[in-house]
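Each chain is listed here by its residues.
Protein chains: 2
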Amino acid sequence: MRDIFHEELDAINGGLVQMSLLVREAFSDATKALLTSDLALAEKVIAADAAIDDIYHELDARTINLIARQQPVATDLRTLVSSLRISADLERMGDLAHHIAKTARMRYPNCAVPDVLTNIITAMDKEGSGISEKMTTVIQYGDTVRALEVDKDDDEMDRLHRELIATLLGDSWDHGIETAIDMTLLGRYYERFSDHAVSIAHRIYFVVTGEYAVEKS
Amino acid sequence: MRDIFHEELDAINGGLVQMSLLVREAFSDATKALLTSDLALAEKVIAADAAIDDIYHELDARTINLIARQQPVATDLRTLVSSLRISADLERMGDLAHHIAKTARMRYPNCAVPDVLTNIITAMDKEGSGISEKMTTVIQYGDTVRALEVDKDDDEMDRLHRELIATLLGDSWDHGIETAIDMTLLGRYYERFSDHAVSIAHRIYFVVTGEYAVEKS
Chain A
1 MRDIFHEELD AINGGLVQMS LLVREAFSDA TKALLTSDLA LAEKVIAADA AIDDIYHELD
61 ARTINLIARQ QPVATDLRTL VSSLRISADL ERMGDLAHHI AKTARMRYPN CAVPDVLTNI
121 ITAMDKEGSG ISEKMTTVIQ YGDTVRALEV DKDDDEMDRL HRELIATLLG DSWDHGIETA
181 IDMTLLGRYY ERFSDHAVSI AHRIYFVVTG EYAVEKS
Chain B
1 MRDIFHEELD AINGGLVQMS LLVREAFSDA TKALLTSDLA LAEKVIAADA AIDDIYHELD
61 ARTINLIARQ QPVATDLRTL VSSLRISADL ERMGDLAHHI AKTARMRYPN CAVPDVLTNI
121 ITAMDKEGSG ISEKMTTVIQ YGDTVRALEV DKDDDEMDRL HRELIATLLG DSWDHGIETA
181 IDMTLLGRYY ERFSDHAVSI AHRIYFVVTG EYAVEKS
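Keeping their order, the protein sequence lines are chains A and B. Okay, so the first sequence: first residue is 1 according to my numbering, each after it adds one. Okay, so the second sequence: first residue is 1 according to my numbering, each after it adds one.
For reference, chain A alone in the conformation it holds in the complex:
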C-alpha cells in the first residue's frame, strides 16, 4: 500500500505527464498551423499556453508544500527537486510551441514557411514530436532506456537544423531576408524544444540511476 507521501509524489508525477502531453499537442498543432496557415489552430495554441502555465504554477506550489510537510531526504527529495526543474523545462517547451504559433499568426494569410523548406520543417516536427513522446514515457515510467535514446533523436534534430540553415545560405534561396529571419528563429525554436526534452530525459535518468547520462558537448 502506498503511503500518503508516495501518493502525493505520484500525483505530482501525473501532473508532469499531463503537462508533457499538453506540450506535445501544442507543438504538433503549432507546426500544423504554421504549415497550413491555419489561424484558428494558431490561436488555439497561443491560448492553450496559459493552461500549461497554470499547471506549472500549481505543481510548483504542490511540490514545495510536500517538501515542507513531509520533509523528505535522499532520493525522495532529489525526485521532488527534479520535478521542479522538469516542470520549468516543460513550461519553456510550451513557450516555444507558442512562439511557433505566433509566427504562423504573424504571417497569416501567407505561409511563413516557403515550399522549399516544408519538408525540413515537417521532419523537424516529426523528430520533436517523437522526442517529446519518448520524454513522456521517461517521465511516466522512469524508462532509462528511452532516456538515452533521445540523444540520437536530438542529433537528427541538429542535423535538420543545419540543413535548414544551409538551405537559407544556398544559391537557390530567393525568398529574401524576412523569410530567412523567420526561418532562422523557427529553426532555433525547434532545436531548443528538442534540447529541453533531452534535458528532462537526462534528469530522470540521473534520479533513477544515480549516474549522469553522458552529455553531448
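Everything labelled a hint here was simulated from the structure, so no lab data went into it. Hints may contain errors.
Heads up, the list lumps identical chains together, so a pair's fine if it works in one copy or across two of them.
To be verified - Calculated lysine-lysine pairs in the BS3-like style (CA-CA distance at most 30 angstroms, straight line): (1) Lys152 to Lys32; (2) Lys152 to Lys102; (3) Lys102 to Lys126.
None of the values given here were measured: they were computed from a predicted structure.
With chain A fixed as given, assemble chain B onto it according to the hints.
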C-alpha cells in the same frame, strides 16, 4: 548572531552573487570579443562557461543538502527553492554569453557584426550589462525597488531588438543572408539574456514581498 542554517543560506546567496558577477563579465567580454574580433577573449569566455556550470552544480548540491539536513519550511524553504531556480537562470545566461562568444570565434578574423549594426549591439550590451548589474544587487540585498526597475531596461532591450530586425529588413541592408542569420540569432541571445535577468529579479521580489511583480504579457 546567525545560526548555522542562516549562515548556510547566506553562503548559497553568496554563490548566486558570484555566479551573477561571472555571468555579467562573460556577457561583456563576449560582446567586446564580438565587436573587436578578439579571438583570445572569445576563447576566454567559452572556457569560462565551465566555471559557471561548476558553481551551478555545486550550489545545487549544497541547496538540496541544506533542505535535507535542516528541513526548512515557509519563507526559508521558498528562498531555497528560488535559489535553485535562480541558479538555473544564471547558468542559462552564461550559455547565452557563450553563444555570443562562439559567434565571434566562428567569424574570426572577420567581424560578425557589420558597421551599420555596431551601435545597436553596443547599446544592447550596455542594457544587458546594466540589467545584470541591477540583478546582482537584487540577489545580494533583496532590493525590491531595483527588482522592478529592470522592467524598463528590458523594454529598452526589446526596443533595440526590434530596431536590429528593422535594420536587417531595411532597403539599405546589403550584407546578405549569412550576416542576417548571425544577427538574428545574436539579437535573440541578447534579448533572452535580459529576459532571464528580469525573471530572476521578479523571483526575488516575490520571495521578499510575497507578491508577484506585474509581468509583462
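Against the structure, the hints come out as follows:
no.	hint	result
1	Lys152 to Lys32	within (24 angstroms within a copy, 36 angstroms between copies)
2	Lys152 to Lys102	both (29 angstroms within a copy, 24 angstroms between copies)
3	Lys102 to Lys126	both (20 angstroms within a copy, 29 angstroms between copies)
Comparing the model with each earlier hint shows no violations; every hint is respected.
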